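Asks: Spelled out, the chains give:
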Amino acid sequence: MTGMVNSFLKPKTGSWSNALFILPYLIFFIGMLVYPLILGIELSFYKLDLFGPGRFVGFKNYVRLFSDKIFIQSVMNTLYFVVLTVPAIVLISLFIAIALNQESKTSGLLRGIFFSSSVLSVTIVTLIWRIVFIPNDGLLANLFVGLGWEPIGFLSRPEWALVAVAITTIWWCIGLPMMLFLAALQQVPKEVYEAAALDNTSKFRTFLYITVPSIMRTIILTVIIEIILQFQLFGQAQLMTNGGPNGTSRPIVMFIYDAAYKRWDIGYAAAASQVLFAMILVAAMAQYFFSSRKGHG
Amino acid sequence: MKLKKLLFSVAALAALTIATPSWAETELSVQRFFGACEADFGTNTDVDKAVGECGIITSLINKFNAENSDINVVVTTVEWPGYDQLTAQLAAGDPPDIVTMHESVISDYQSRNLLMPMDDIFKSAGIEPSSFTGAGVAGVTKDGKMYGMPFDTWTMLFHINLNLFKQADMLNADGTPMLPSSPDELLEQARKFKAATGKPYMIQQLANGVAPYTRLFYTFMAQQNSDFFADPMNVKLQSDEARNVVNLFKTIFDEGLTTIDMDYPSAVAAFPGGEGGVALNGTWLIGDYVAASEKEGALKDGYTVYPYPQLFATDASYADGHAWVMPTKERSDENIAATAKFLRFLTDNDYQWARTGHLPGVQAVFDMEDFKNLPHRSNIAKIAQTGVSLPPAVLRQFAVQDIIGEEISSAITGNKSVDDALKDAEYRVNDLLNNL
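Chains as they are written, first to last, in this note's numbering: chain U, 1 to 297; chain L, 1 to 436.
Okay, chain L solo, but in the shape it has when bound (with noise of 0.2 Å):
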């Protein structure tokens, strides 16, 4: 009899849960990079104690969960940059339903319509799009319709350690380090730093990834105006102005001013162990730097960092932007109003993402007091105003970055002449646009 009673119960309370759906949570699917780091933030919700973007952004994800037990967002962490899961999810038509994407890959999405517009979810969800930066805005535009929510705009940086700038004499009176304004300037100060220390100057990913030449050769280019993709379809890069980016380089790797084969985990632990004066990487290291500069080590007390360096006619920084995306698929009214509360939750807490070192992609957070109490956000903010992309039109930009730094990195480390690595470059550029 007791059985029966329990069997009975267990029935009946299984019955009951599949006949409440509205008690039910709404999943949502969440596919980002930014890395892993469950053992460390796993389950932390209080997001002022995380750090850097993988802390900040499971943190604040994990708060989101906390606060709204109607929704659960579930998370998939891709490797970096992951459009090429995102490309066969899509392919197979079962993609998450918000995803992290650059601002200069969406119009490889949304010219396929693979993007939904977002115009009427931040409508519902009382996001004014006019909230957004200007770059934010124009960086997810196409068509006149909003494909993605912007979160930043992040760019390639000099971390600097002030410490061995010191050791090598190279404080400005105001304690500032001193900044080459060409490139004589930049070989010559690196090569003091060298003499004075015995550590390379810079610190650079030169191993098992291209990327960072790529951002260098476009910044450097830029503050040439230089304009190779005039033609979206047609890149032109053998040009005196691409020869003097990649001769300096080549300058500096040959004559030991900067790390060698370091790929991009050591690159990044190198310059907080004081391996180098100048890290170039981007603006999701500051927190994470600044955080180690308190610490005992190499870098105590003694880190600060600036934009890439004026060295040409015009001062300006390649930059992009990180963004949210909403694939195209079928999705249900609860989905929509739970993707809807999740978009609006990251833009209230946009402060807290650009704690990473990221510039706001909300552009109230520019005013905010605790923003400008950051530190050496001043440094950087100029970036706003001297960032600068690819011409939007210009389709697969991964693809060509990986292209022109594979080809640029070839000529850097002697083993292709800088002429002939341009000229490889230019031509597989146009044939990988020419066959899409």
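Isolated chain U (complex conformation) (with noise of 0.2 Å):
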């Protein structure tokens, strides 16, 4: 008998049955995510609208699409934005981790306000921030006036726009990465860096030889969610700028917008969608296989 039980209970390992533990995850994974996948892709070889039917055009959507300026110009901005975002988010995120990875009640404290901004959505955030960069009564404008020099139109000037969702940005995004690292960091056995103090080593060169080494998988992971997540830069951009001036802060996300829900060009959005999938594939990608094969994926 208890050997019936054992045999129940002991894993089969490369039996099919296994699968049926990730069964419900894969049927809504296929369902929600691959189904409509592979339909976005299909749409995006037919011209068709929101309410009526469409036809085959073959890639004509895609030939449209790159030569078309303002799709050209949303992609050089989403990049510039994921320049300027995911560096900054992840070396803040980490070094304010560092800074707070303590056991005192202070730490606790600012781990919790600096994690608040994470849960605010994003109509908040950018009240918050408009009140910082609006050019008559905003902070900004205020400090700079009371420093003697001319406010500047941070939301309304082509160079500014983009700087300033991606100043938002940042500051609404640092809590989920900053919460990734001191967990990572909390994995760290103490015993090395007091290895490392009784060697007289400086914290520089503990952080760059014990730490970072360290939390190289969890660096890894942040950099990748991040790409992913501001490659998809939407309401920050429409609600601060409106995708001004100039389109100079509108994002490939918001060009897919405006195609499918002021033009309702379906297809056309549809083919667009690829183009920013395969961006946030190669981009994701790119950054794993480079990881990796410096030894550390």
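In short, the hints are calculated from the structure, not lab data. Predicted model, so just to flag it, every value in this text is computed and none were measured. Backbone N, C-alpha and C define an ideal beta-carbon position, used for all residues, glycine too. Treat the hints with caution; some may be incorrect.
Which residues of chain U face chain L? A partial, calculated answer using Cβ under 10 Å [what the hints assert, rightly or not]:
#, residue
1, Asp-49
2, Pro-135
3, Pro-245
4, Gly-247
5, Tyr-261
The two chains are supplied separately, each in an independent frame; assemble them into the complex guided by the hints.
Replies: Below, the structure is given as structure tokens:
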């Protein structure tokens, strides 16, 4: 009897029945992600709007896309935004995590404060930062006037609009990576740091040769998560600048949104979505393979 | 025993509630823009006390709910203009019962059979189509049927701070402001105003939104008799008329004769704050600015308003209208009866809506003494004759508005040359229209 129970409980490695455990997840994954993705790819080969029958046009939507100056501009804006935000988010949240990686009431309170921005909705975040950036009564405008400088139209100047959106995003997004880094830092054995201290190792060398390698997997994970998230910029740009001025803060998702819901050009929007999907995939995979080759994957 | 009795009573009451549908309220889902103001008017049913678009429409609906215990109007307030949300709702097959819609947008939805003709419901509500203004009827009529209930006609206006105009010695002998009659005169007066007051002549929204640019562009194109949409599928913007308008406003920007960098809320607040002489904004702010002129502040006893001045050959202003439409969907008889009652209520109270500053959608309101006594209405009454809109056959007018506004703003603020901006605007609009 005992033998029967043991054989029942013993996992059968390589058995197809084990897949049953992930079946519920697979059903949702296929139904809610894979199937819509395939439908989206199919739509991108059609000329159709939201309310009428479509016709197959092959790669015409893609050809149109790559000759569309507004789309190319939104691609460049999005890449610029990712460059502005991802390194900043990762570095700032890493340094905050290192600074707060200690057991004290103050660090606990500060962790809560730094994380609190992440729980706000995009509407609240952009409202707060609008008050900071608006040129007349905004925080920065008052500061500039106080210093005798000319206030800058952060939300209405082409060179500043996307930067303002990026600053807002960085402030909004540092909470989650900070918590991931804190969790990772707490896994690093204290003995390693003690050994380094005994060897009189400087703080910078300790950080570079002990901390960074120990949490490299978390750094890679965070970078990939942030790349995927920041490529999908939408709410902040729509609410703070509406993509302007002159389209200088219009990201790809806003382009897709406009094509789908303002123009009702669903096939065109679907084609732009596939380009965005490919960009995210390539960027995230490049980061993953680059890190793997260095032996950290 | 007591517990049993209590349970029985509760069950009986519940059964009675469920089994008596005739007592139930008919729920009417209304989706509107005009903003949210629950804190100020969320429970107000005295419409006379309400001010501004949001205050008046909120109070009107509160009053309707209070007077009609058998109907519950549930309001969803959307961010202006809310068409992206409506489009998604229609695509998902779940639109609200009644929606606010600009008359310029009705063709988009009507041409796809997404709106119900409302002639029958007007008949059942006892609303005579001839009771609406000619502009309103024209704005909602497609293929001989009415696809919306006209609520108002609106346009962009010169809201004027007379106190600052006085300081600039720009008042006529009768106390009215001096208004320009040519582009050169506009620049001359704007320069004089700035020299005298140290403030910009114009207050404009130049950030986070481009619709005002397009509206002023349409107005001054119409004043030059430019038929830039002669073919509704092919716009022509590379013209001398278009260059005249854009260059004029570029000069105003370059010379600091306008506020810069303001978004819509900042521009709205800047005018009663005395930050400039003329606010370029819509009819919907008249009520608010009249109220502001009755309080202490830079606008105290010094507010008036006029249509955009005639700078070119023809007196014309771009105008549009708000309407209530009914998306195509399955509806119960109770729902249709409740809708008819609600629309009748709005029509009967169109005077209250006209207090916002919009021109009434119901013709009879023009003849009401109360309306005639509203401040400044005689100044803007001519909009009924001079108002022009784009040809109804032009589809996606809001998307077109965004494109033209974005390109013009680029030219005015110096991010693009005027010729490049007009060329790009023309290309982008035609690309949009040719890919419908």
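Asks: Each of the hints needs a verdict: does it hold here or not?
Replies: Against the structure, the hints come out as follows:
Satisfaction of the interface hint for Asp-49 (chain U) is found here, the shortest Cβ-Cβ separation to chain L being roughly 7 Å, below the 10 Å cut-off. A distance limit of 10 Å between C-beta atoms decides the matter here; for Pro-135 (chain U) the minimum to chain L is near 4 Å, and the interface restraint holds. With 10 Å as the threshold, the beta carbon of Pro-245 (chain U) comes within range of chain L, its nearest partner Cβ sitting at about 6 Å, so the hint holds. The criterion of a C-beta within 10 Å of any C-beta in chain L is met by Gly-247 (chain U), whose closest approach is roughly 7 Å, and the hint holds.
For the restraint placing Tyr-261 (chain U) at the interface with chain L, the shortest Cβ-Cβ distance is roughly 4 Å, inside the 10 Å limit, so the hint holds.
This entry satisfies every hint, going by the numbered hints stated previously.
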